[in-house]
Amino acid sequence: DVTGLPPTLAEQDAFLKNPTPSAMDAVARDLLNRPSYGERWGRHWLDVARYAESTGKESNHPYPHAWRYRDWVIEALNQDVPYDRFVKLQLAADLMPGTSRPDMRALGIIALGAQPGNAP
Numbered sequence: 018d019v020t021g022l023p024p025t026l027a028e029q030d031a032f033l034k035n036p037t038p039s040a041m042d043a044v045a046r047d048l049l050n051r052p053s054y055g056e057r058w059g060r061h062w063l064d065v066a067r068y069a070e071s072t073g074k075e076s077n078h079p080y081p082h083a084w085r086y087r088d089w090v091i092e093a094l095n096q097d098v099p100y101d102r103f104v105k106l107q108l109a110a111d112l113m114p115g116t117s118r119p120d121m122r123a124l125g126i127i128a129l130g131a132q133p134g135n136a137p
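For the sequence shown, our numbering gives the first residue as 18, with consecutive numbering after it.
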């Protein structure tokens, strides 16, 4: 459930040989450190934010840089960014201290998503 992927046979065998609380902790740490963790849970956030890579049905104009926001969400989850900072960065990234990176300017939560009518 953490990554959305089943354990491999080797992972299952290793755990079954040592089903202790410390082995469970090691498995949990490993799963939380995998890139697939951010991909799985980022998908839920992107759904809530109504992330889309184009304007939608009526006129399908692509957002050529939408992937930057998607990748940022995944990276933020994998880096365990605290929730309050995660939300603030999406609303005011370019105004927050310590956000001088060009890719932090206007992350897109407000602008990205399917939009009825003409292109933005």
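Among the hints, erroneous ones may be present.
To be verified - Restraint ranges, calculated between C-beta atoms of paired labels, are given here: (1) K74 <-> A43: 12 to 22 Å; (2) D18 <-> H82: 29 to 39 Å; (3) R85 <-> K105: 12 to 22 Å; (4) V44 <-> P81: 33 to 43 Å; (5) L33 <-> A109: 21 to 31 Å; (6) L22 <-> D101: 50 to 60 Å; (7) G73 <-> S53: 26 to 36 Å; (8) N77 <-> P99: 30 to 40 Å.
Don't read these hints as lab results, they were simulated from the structure.
Think of the CB as a built atom: it goes at the ideal place given N, C-alpha and C, for glycine as much as any other residue.
Hint-by-hint comparison with the structure:
no.	hint	verdict
1	K74 <-> A43: 12 to 22 Å	47 Å, violated
2	D18 <-> H82: 29 to 39 Å	32 Å, holds
3	R85 <-> K105: 12 to 22 Å	18 Å, holds
4	V44 <-> P81: 33 to 43 Å	40 Å, holds
5	L33 <-> A109: 21 to 31 Å	48 Å, violated
6	L22 <-> D101: 50 to 60 Å	29 Å, violated
7	G73 <-> S53: 26 to 36 Å	28 Å, holds
8	N77 <-> P99: 30 to 40 Å	36 Å, holds
Comparing the model with each numbered hint stated earlier shows that hints 1, 5, 6 do not hold.
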